[in-house]
Amino acid sequence: MISIILVFMPILAGLAAWPAGRKNESFRDGFVTVVSLAELLLSLLLLDSGIRASAAFKLGGILAGGLSFEADGFRTVYAIITAFMWAGTGLFSLEYFKQEREGLNRYWLFILVTLGATEGVMLSADLMTSFVFFEILSFTSFTWVIHEETEEAVKAAYTYLFVAVTGGLILFMGLLLLQHGAGTLRFDDLHEAVALAFRASGSGSPAGLTAAQGQILAGAVCILFGFGAKAGMFPLHIWLPKAHPVAPSPASALLSGILTKVGIYGILMTSLTAIAGQEAYRGFAVLILLLGAVTMVLGAVLALFSVNLKRTLACSSMSQIGFILIGIGMAVLLSCGGEEEGAGLAYAGTVLHMVNHSLIKLTLFCVAGVVVMNIHRLNLNEIRGFGRKKPLLKAAFALGGLGISGVPLFNGYISKTLLHESILEGAGLLKLAPVLEWTFLLAGGCTFAYMLKLFLCVFVEENRDPDLQKSYDRGPGQGRPYMNSCSAAVIFGSSLFMLVLGQPAVSCRLAAFMTGYEEILSFHAFSLENLKGSVISLAIGAFLYLLPVRRLLMKDGDYADLWPARLDLEEMLYKPFLFKVCLLPLSIAARILADSLDLLILLARKTILREKKRKSQKRNTFFDIRETTYLALDPIMRTFSFAMMMTCLGFLAILGILILVSL
Amino acid sequence: MLILAAILFPIIGGLLAACLPLGKDRDRRCFYGLVMAGSDLVCLLAMVYGQEIQLAALSDRVVLALGFDSFGRFFLAAVMILYTAVCFYSFEYMKMEKRGETFAAFFFISFAAMVSVCAARNLLTMYLSFEMATLSTVPLVLHERTKEAVRAGMKYLFYSVAGALMGLMSLFFVYYFSEGSGTFVPGGFVDPQAVAGREPLFLAMVFVGIVGFGTKAGMFPMHGWLPTAHPIAPAPASSLLSGIIAKAGILAVGRLVYYAVGTDLLRGSWVQYAWMILALLTVLMGSTMAFCEKNLKKRLAYSTVSQLSYMMLGMALLSRQGLEGALIHAMSHSAAKGCLFLAAGAFIYYAGIRQVKDLRGIGRQMPLVVWAFMLAALSLVGIPPMGGYLSKWKICLAALEGAPGLFAWLIPLVLLVSALLTAGYLFPLVIDGFFPGRDFHGEEGYQGGRASLVMTIPMLALCGSALAAGLFGGSIAGLVTGGI
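As you go down the protein sequences, you meet chains A and B in turn. Numbering-wise (my numbering), the first sequence opens with residue 1 and increments by one. Numbering-wise (my numbering), the second sequence opens with residue 664 and increments by one.
Be aware that a few hints might be false.
[What the hints assert, rightly or not] Here are some chain B residues the structure puts well away from chain A; computed CB gaps all over 12 Å:
#1 Ile674
#2 Asp690
#3 Tyr712
#4 Arg861
#5 Val1019
#6 Phe1097
#7 Val1117
#8 Ala1124
[What the hints assert, rightly or not] Residues of chain A clear of chain B, computed beta-carbon distances all greater than 10 Å:
#9 Ala56
#10 Leu378
#11 Leu552
#12 Lys606
#13 Leu660
[To be verified] In silico DSS-like cross-links for lysine-lysine, where the CA-CA straight-line distance does not exceed 27 Å:
#14 B:Lys1020 x A:Lys606
#15 B:Lys957 x A:Lys580
#16 B:Lys957 x A:Lys155
#17 A:Lys606 x B:Lys810
#18 A:Lys555 x A:Lys394
#19 A:Lys575 x B:Lys810
#20 B:Lys957 x B:Lys1020
Hints in this document: simulated from the structure, not taken from any laboratory. Given the structure is predicted, the values throughout are model-derived calculations rather than measurements. Using N, Cα and C, we set each Cβ at its ideal position, and we do this for glycine too.
The task is simple: from the sequences and hints, build the whole structure.
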């Protein structure tokens, strides 16, 4: 029952907030805040195991196969994090939107509906339910991207929508295949159904997969790409670096912190139920690892090159999604290879990194939001030195940066170490494991480098324009602080999680709760071996910062945008392919098909009836019978002799054919 | 008797609407509203309590009979929803047009024709009602009396008559291969023994019937009239034509295949293949043409061509699930496309906009209309929880489960490509309408005020019905296909 409330209360509240906001804006703001806080409190109830058990609920008879929900450790934590992110960004939005009030009604409506839909995905017990809410949130979150209505925002929104629709359709196809191949979409039954498909056909046959097994695999691949589109997985990541920077900052935090995780949720659940444990599906794990590695490195490199605060954070999100995908890939690979222990490690690392990344991005994007609401700029050269005299902001950003870079004692360290460990575990199953390991360490180094770049730029270096620097140090003036206490509480409060989750005791307990893998409690995070990985990664990062970033990516002391603008997968490949290669022939063929019969009739009229253009006559006397008769008979009478001739020709033709046949 | 009353009541109402000297605008609207409400009431009663009735029996084989089964009830429900919504919408819209009385008269007469198509109990009655529906809707296309309108009307008439005659020919053979008066039986009544040995003739004739009745549903190659005739009519009429009258073709083909011929005789035959190929071609062709089209109403008409063939595809799969998908799609498309055409009408009525590119920023002026447009578009693309999603799911799943050979993959693939195109030709319009960008200041360019509630409420109601088709369509369609 509680799942229904968690899902539908925000949706209904959003629908109510819209008319309310048209009457009274401050009432609406209060209402929205209360709703998101209530959602947080309700979601915390799930921690009680009795209530958690009662969350399993099926709303039968509607849609295709009803909506069903349930809550386990993982779902509970993500339901809580979702609500927490919404409450945090909601409180921050109160100040963020003080100046920009246009379109806020719409914004709040869609924020709340998306909250409900996200909870719907996170609590879903079958893929169909996930899909329904996934599509809803795809479309509602679209309005966040386009909210500002600048030229870039509109462009980014189109890209976002295109990827969302395409991803949704691919996902739809995946669901179809899986439903047909396995016969069920319930996560609980899926594993058994897949095992059955293997048992029924005498598993281990060297001839490859049977039809059903092939369909399950194809379905899982489609689902990977469908959900991956929302997660920002290569090659469907194109929307992410464009959409996150243009959205309002609280919305960026949600897009980056939670909506990407919605995609990950789908991938994780599908691979762990339908794929894991089947030896024959090992290739799927390799595919995830490959895509994850590309996403991880590409995101990190893009982030290094970026000179826009929010774009850097967005690319960083993409890179971190790559880390998470690697975790999933390793979990699947190890479980397909029968090494349940290693799989447990990878699984724990994955979920922990998800949690960490959500919380870190909440902090970081809110800090970016503070920058935007004060000076409305994001270019690193312009905002340089903004945070020099703002200790609280500086501390929060530093904590986030330390967390995401995986510095020991902060939260990212534990999750990254677990992921690293799992790669080492999989060395026996994957030939390229050393390559993967070094890629992993390199990407971790990049993370450190770009976070260092951001931190030093915004909080340490001085702006090159002394007047600007003075105005930054002065703040908005008239005794007003640069952010109010509510926003400060949100930002600083959320940044404290980096420290709390940096404690192995807390983190491992959390991971054990989420995955049910109790052995994780005996994991030694600070063993020498593990520290070594982190140190290597940080050393790579320091090197990257000192040499390439400071030497190559800066021109005359300014951060230079050296990423070639033409190197854009969307403009370079997707658009030409879609419009020139696919659409053009299709439209020509369609035009021919569409007019074929009409052309035939026209041809017949021109030849057999020899219809000519008549001088313009008044045609609006349609119901005049004489006129009509005349119109109808005229061409026939006029061309009677011609018709006779054609008939004769026809007879001749028939005669000819008959003669030919009789011969 | 009730069923007969349900047909006669709107006819009489329509004739009165044409003849009664109702001077004032308000009186006229009152009268139309009353006739519509009365017709709905009688129809509802007929649906629930209507006894089967035999009108005439020229011989024991040529019988005119009316009566409802679940299939007929299902379509009648769709007819009633759309006609009622359009009736209220046209109160406002028809202020713009001349000859409102004629329009009202044929509006109600065509309603009666549609009721009788739904209520037909045997093939012959269905054929007669089908022709009646064609003839009574031609004046709706002709309404503007411009040169193009007359030409489009004639095209509509010729195509429809040609199609119906093909259908009639196939009926003769269906009667020839069976006994009795051709009363519909779930699963078909054609005698397999009579067919045995003469399959080629029989299958060819069934195919002619499918193509013939498919003319009304705009199936390639007989689709040519649809994109010409639908956009030329006044918006309420286009909404009816696309929304429900084209569904008469679906109904007729459904009756022919599922209630007369029976699926067993067709399964795996060349007729099924040809039917699926034609439907697939139409789906792709319609979507692509709609994507390339600049005129809004014409774009919607091409979209109808494509969407109607989704239903054809569903039926061509000859399985229960496929038929369910087709029925749900009929329901949701009827509501969604009806709503889209009504919205297109509102753009014409208030802002005089017919071209897609001029719609930029329209959402600021009539937010509710664009909202309705968006919800209907979501349904058409197949985004859950709107109706189009459920029907697509069922059709694709039926294809994976039952379609022969390559088609099992081809059908879902084509439907998804078509859905992508659908998104491509509908969503940008909504986005530009709501989010014209910062530099847009064209609001003063539009005349007229906000859209009146008389127009927007029917649209939103139709969206609600598309949503209901998604939520409850499965169980409703399950009732209809129970016997098949």
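Of the hints stated earlier, which fail here?
-> Checked against the structure, the hints that fail are numbers 6, 14 and 19, while the rest are satisfied.
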